Amino acid sequence: MSVITLSNSQISVAIKTLGAELCSIKNKLNREFMWEGNPDFWGKHSPVLFPIVGTLKNNTFYHNDTKYTLTRHGFARDMEFELIEKTEDSATFSIQSNSATLLNYPFEFELQIQYKLINTTVEIDYKVVNKDNSEIPFSIGAHPAFALPSNFEDYSLDFEKVEPLEYTLLENDLVSQQTEKIHTNTNRVPLTYELFKRDALIFKKLQSNSLTIIEEDKPILKVHFQDFPSLGIWTKVGAPFICIEPWFGYSDTTKSNGNLFEKEGVIVLEANANFQAKFSIEIL
Numbered sequence: 138m139s140v141i142t143l144s145n146s147q148i149s150v151a152i153k154t155l156g157a158e159l160c161s162i163k164n165k166l167n168r169e170f171m172w173e174g175n176p177d178f179w180g181k182h183s184p185v186l187f188p189i190v191g192t193l194k195n196n197t198f199y200h201n202d203t204k205y206t207l208t209r210h211g212f213a214r215d216m217e218f219e220l221i222e223k224t225e226d227s228a229t230f231s232i233q234s235n236s237a238t239l240l241n242y243p244f245e246f247e248l249q250i251q252y253k254l255i256n257t258t259v260e261i262d263y264k265v266v267n268k269d270n271s272e273i274p275f276s277i278g279a280h281p282a283f284a285l286p287s288n289f290e291d292y293s294l295d296f297e298k299v300e301p302l303e304y305t306l307l308e309n310d311l312v313s314q315q316t317e318k319i320h321t322n323t324n325r326v327p328l329t330y331e332l333f334k335r336d337a338l339i340f341k342k343l344q345s346n347s348l349t350i351i352e353e354d355k356p357i358l359k360v361h362f363q364d365f366p367s368l369g370i371w372t373k374v375g376a377p378f379i380c381i382e383p384w385f386g387y388s389d390t391t392k393s394n395g396n397l398f399e400k401e402g403v404i405v406l407e408a409n410a411n412f413q414a415k416f417s418i419e420i421l
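Those letters in the sequence shown? Residues 138 to 421, per our numbering, in order.
If you're looking for bench data, these hints aren't it; they were derived computationally from the structure.
Treat the hints with care, as some may be off.
[What the hints assert, rightly or not] Below, in silico cross-link-like pairs of lysine-lysine (DSS-like), each with a Cα-Cα straight-line distance of 30 Å or less:
1) 165 with 415
2) 373 with 318
3) 223 with 204
Since the structure is predicted, the reported quantities are computational estimates derived from the model, not experimental observations.
Please take these sequences and the hints and turn them into a complete structure.
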């Protein structure tokens with residue numbers, strides 16, 4: 138594994154080739170915005186979730202009468218990516234299906250991830266190439282964790298729009314049929330650990346296309362996710378970070394039948410076709 142650094146006059150970032158994982162964003166005052174990855178809480182920074190987001194029922198799926206095993210969030214985050222293109226302010230990474238991935242996910246693919254700096258923004262572009270001769274099913278998502286160095290209760294989240302903030306609850310890591318609402322008359326949600334006592338908040342559909350972290354009434358960072366239909370928000374109780382996670386897809390439902398092609402939220406990509414989506418992290 139190596140670490141690739143990018144910079145412009147406003148920000149600098151670092152990306153590990155292992156998992157093509159963003160591990161640092163600093164502004165010109167040298168403030169770090171990414172979670173440090175302390176394993177006492179959570180040993181990651183911003184893993185890429187592919188070819189599934191979340192958990193499969195019994196960690197398995199079936200294809201052509203064969204049983205396959207995929208662990209939580211898929212394998213991309215644990216693979217060494219190849220750096221295929223780099224400039225001072227951009228880098229593109231790639232993995233491709235191989236004999237190891239085909240044992241757990243019997244589809245031929247290439248996944249490219251590009252990081253690009255534009256002023257105070259990091260733009261992250263996902264590209265999935267179907268290299269198979271038939272359709273492939275997949276989900277893809279981001280899992281960036283942002284450092285909250287002050288008291289957790291000093292922070293809040295501003296949704297782009299005032300809307301009904303209904304989220305779905307997890308049940309044993311699977312998407313349940315239970316939903317709850319965050320009760321607020323504005324677009325602002327104060328952060329409390331109580332919100333996350335039952336794990337992540339899963340918003341299957343939002344009107345908002347961005348979410349801003351507010352620190353003691355001052356906006357510090359905004360995640361733009363207009364390409365993504367779903368969003369997860371998560372922390373571990375007691376941990377000094379918040380994850381804002383744009384997703385295509387999410388964990389299996391408790392009623393899942395084990396067919397990836399019929400999985401709720403899944404993308405089915407035609408043979409030889411490409412899929413692209415991007416989100417961005419803006420330092421304010």
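A quick look at each hint next to the structure:
1. Straight-line distance between C-alpha atoms of residue 165 and residue 415 comes to about 25 Å, which keeps the hinted pair within the 30 Å bound.
2. Between the alpha carbons of residue 373 and residue 318 the distance comes to roughly 20 Å, so the proposed pair stays at or under 30 Å and holds.
3. Taking the CA atoms of residue 223 and residue 204, the gap is about 39 Å. The hint is violated against a cut of 30 Å.
The earlier numbered hint that this structure contradicts is number 3, and it is the only one.
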